[in-house]
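Student: Position chain B against the provided structure of chain A, taking the given hints into account.
There are 2 protein chains.
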Amino acid sequence: MTQSSTTHHYQKLTQHFQKISHFEHLSALGDWDQATMMPSGGSEARGAAMAELAGHIHELKTADFLEEILGLAADEQLNTEQVANLREMQYQYFQANIVPVSLVQSKTQLAYQCEHAWRVQRKNNDWQGFKPNLEALITLVKEEAQIRAQAQGLSPYDALLNKFEPGMTTARLETVFGSLKSWLPGLITQVQAEQSSEKPFSIPSFSTANQEALGRDVMGFLGFDFNQGRLDISSHPFCGGVPGDIRLTTRYDEADFTQGLMGIVHETGHARYEQGLPKQWRGQPVGGHRSMAIHESQSLFCEMQLGRGNGFLTQIQPLIAEHLGSVLNADALTNIYTRVKPGLIRVDADEVTYPCHVLLRFEAEKGLIDGSLQVANLPEFWAENMKSLLGVDTTGDYQNGCMQDIHWAVGELGYFPSYTLGAMYAAQFRYAIEKSLGSVDTLVAQGKIHAVFDWLEHNIWSKGCLLSTDDLVKQATGETLNPEYFKRHLEQRYLK
Amino acid sequence: MTQSSTTHHYQKLTQHFQKISHFEHLSALGDWDQATMMPSGGSEARGAAMAELAGHIHELKTADFLEEILGLAADEQLNTEQVANLREMQYQYFQANIVPVSLVQSKTQLAYQCEHAWRVQRKNNDWQGFKPNLEALITLVKEEAQIRAQAQGLSPYDALLNKFEPGMTTARLETVFGSLKSWLPGLITQVQAEQSSEKPFSIPSFSTANQEALGRDVMGFLGFDFNQGRLDISSHPFCGGVPGDIRLTTRYDEADFTQGLMGIVHETGHARYEQGLPKQWRGQPVGGHRSMAIHESQSLFCEMQLGRGNGFLTQIQPLIAEHLGSVLNADALTNIYTRVKPGLIRVDADEVTYPCHVLLRFEAEKGLIDGSLQVANLPEFWAENMKSLLGVDTTGDYQNGCMQDIHWAVGELGYFPSYTLGAMYAAQFRYAIEKSLGSVDTLVAQGKIHAVFDWLEHNIWSKGCLLSTDDLVKQATGETLNPEYFKRHLEQRYLK
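Protein chains in written order, with my numbering: chain A, 1 to 496; chain B, 1 to 496.
Next up, chain A with everything else stripped away, as it sits in the complex (with noise of 0.2 Å):
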């Protein structure tokens, strides 16, 4: 017998979640497009072209033989790739199979009525009118946590961190972010206190052309390649497409262009990671990201450990010089890049305080999926909490309290938490670095920046899902997550 009649079941599947990856090539495509180029006149038909496309995308995902066959394939003799392969196809036939369609179809448009409504209520600070969409919302939620939870054996809200970080728990973030809550708010007084006697600067403005060109050539200097990929604007910035075609996008803002560029290099991180993922598993479920939290990880490497560091602002000082004229040293960059200050938006948030904004929403979720936190109740506990993590008052601020972000407008609960993993892999990912190389931000003031994205994409990248997050991590550093190491950055960079 021949290896290919051998693996012939395994051989099927791979041609069948090849198919559905070149519906998703489409799906990414009509996301992005809508997002930068559509014009509003095109959204309804685009609307029901895009809900045709992922009604067929969910029916191939659930198609009847697959349970049977993915069943024969475990049985065939497959090599360790093709079995991660197997293991993923499991998990997003799973995934997909494991709620009723009734339940998702409600959800979904649940959850468009909610959102929509959502961005005038927000603008409006109405909580009144918000609260119930949101009790109709986190019902369903808490149902298809329930579906999840039965159908895994884990707790209702495991299942929905699962949804985002496969194998993450409960039980591990509250040690996780335990220990964070306990030295955190201690270091942002401590940071603040001695950042007090900065002087602030004063941005000047500069043109969206200027800032964009910019924008591109600090992308070239983070290795983005323009013939995989593009730089467009969108009201919120994404990085999208596939890999080979990564689409990504930022926002300018010509009173400020610091937000703007520090965005781009955010999401030059996600586009890297895309671009070099297994190339010779493309369309297969194991060429994919491994987790959100790995996903922000690359991100937050780009943004928080280079892009802060003094090392890279004094690279990228001539480039800004260039388009924008020397108006700010190296020295200057690196204060606007570290300043620490305690604010109501967990998007404008400085590295240190944007895990307390983490802090907080996942308490809230556990609470109101266990029950033990109404939705009435969550303006009285984003106030208490936000006071006592940050120091700020939010009281009857709704817009700028539990009302800002879109995640719970849409009913997706459970994927916070990855922002700030995503952190602190990402400072475990740079001590790894260190350990091997040296000094990240020496290697990049000598021009060696390459090095570092050659390690993630040996370690990272390239590795796709054959391992399960803790196995890459270990593999990558030597030990699955160990947050010291983001704690040891933030003092090394903040406390003098």
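Worth double-checking, as some hints may not be accurate.
Have a look at the derived ranges for each label pair, beta carbon to beta carbon [as the list claims (entries may be wrong)]:
| # | chain 1 | residue 1 | chain 2 | residue 2 | range |
| --- | --- | --- | --- | --- | --- |
| 1 | B | Glu194 | A | Ser43 | 28 to 38 Å |
| 2 | A | Leu78 | B | Asp64 | 31 to 41 Å |
| 3 | B | Glu143 | A | His58 | 32 to 42 Å |
Mimicking DSS-like on lysine-lysine, the simulated pairs with C-alpha atoms at most 30 Å apart in a straight line are [to be verified]:
| # | chain 1 | residue 1 | chain 2 | residue 2 |
| --- | --- | --- | --- | --- |
| 4 | B | Lys199 | B | Lys487 |
| 5 | B | Lys107 | B | Lys487 |
| 6 | B | Lys163 | A | Lys61 |
| 7 | A | Lys107 | B | Lys19 |
| 8 | B | Lys279 | B | Lys12 |
| 9 | A | Lys474 | A | Lys279 |
| 10 | B | Lys123 | B | Lys107 |
| 11 | B | Lys107 | A | Lys12 |
| 12 | A | Lys19 | B | Lys12 |
| 13 | B | Lys123 | B | Lys487 |
| 14 | B | Lys279 | A | Lys12 |
| 15 | A | Lys61 | B | Lys19 |
| 16 | A | Lys163 | A | Lys12 |
| 17 | B | Lys163 | B | Lys487 |
| 18 | B | Lys12 | A | Lys107 |
| 19 | B | Lys107 | A | Lys19 |
| 20 | A | Lys61 | B | Lys366 |
| 21 | B | Lys19 | A | Lys19 |
| 22 | B | Lys19 | B | Lys61 |
| 23 | A | Lys19 | B | Lys366 |
| 24 | A | Lys12 | B | Lys19 |
Hints in this document: simulated from the structure, not taken from any laboratory.
Glycine residues also receive a C-beta, built at the ideal position from the N, C-alpha and C atoms.
Tutor: This is chain B only, laid out in the frame that chain A set:
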């Protein structure tokens, strides 16, 4: 029995064709993106995704249940418009099913290879390289024509014409084009003699950005709604997208803005037709464009009947002055846009000589399909006919002779006549408009261009495929295709 239950087979068909239109939406988006936005590294994955999508659309159009249900729906109590929709469904089903999948696949594959090689061979004037590829492809086209002919009781070339012009026949074209051939070469000689005393113009250079800004303003003047479409750049101008989101493109030559600008006017004609198709029939076969000749009639109405007229050029002269400076007055513009000069290249031809390029191709295609012309003799045929029709010599110049068009290199025969039929319909529509509203040039000069478009919207665009081409034209103008109006138009504009 309610109306809905007496038409439930028909209703099922409308749902199925709506679904097809959703996937065709994605196909249009993929095509547009590929030509305008996609980086080179994206082509492999995109090619695979688009092939998957094409296969899926073909599956939907040839679904097993369609034949029976199309028959059952025909016995239901349908109103006139539903009957027309069913007729178009039957037509699409027939077109998708008539050619065996194996032949479609071999032709697609061979066409892909032939085109790929042609792109290089054309540049190198390599007729000997192109010839065997074209011979192989023509063999398959003849096979396709034979199958289509037998199924429809038509001649093979008629069957190819019917892919683009339902109802058109070789015999009718021979009458129409035969008449054209009898007077057009004489007219060209006469016009050239009259224009020989006019002095040539020198056109200054303008930046792409200024030309694009001008183009947008001219599109606005032509009533293009930018909430329902976009203008971008591609190497070959086209009008794509979907109604509600029309994507048109042009290319800019900094040394000569006149071609790019008229290209925009041309594509805007296509775009307004698509934007004006009946909204209540979007996604249904009867809601689409009537035929390629009618599509070309709308672009050529904009470009030739309106765009090269003194009324239009007088109106847009201030826009040109605003964006490019006051370098050309309306008379100079009129002279530039009505200059007649026989040349080698169809797509560069003026309004008067263009039909000669089509006459030649029509004769060649007939011969290639009925076997009276061999591929090997094409260059000789080309040289003789270019000499007799336009007085130019193409001997040995294959790249600007029979290798200039992409159509044959991808195995598409039967399309060329649509261009000249479109020019004729455009002249006939103008005559009908003038009978009821007075001179089009005067209307445009008086700022009443909308009255012209209102007529087109009412009589052509909003009809979709509700009527046959002959009925559409008869209802709009009182008679079916009458090439006399085209003759009259050329004589009025070009003979002093």
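Student: Please write out, lowest number first, the hints stated earlier that are contradicted by the structure.
Tutor: Of the numbered hints, 1, 5, 6, 13, 14, 20, 23 do not hold.
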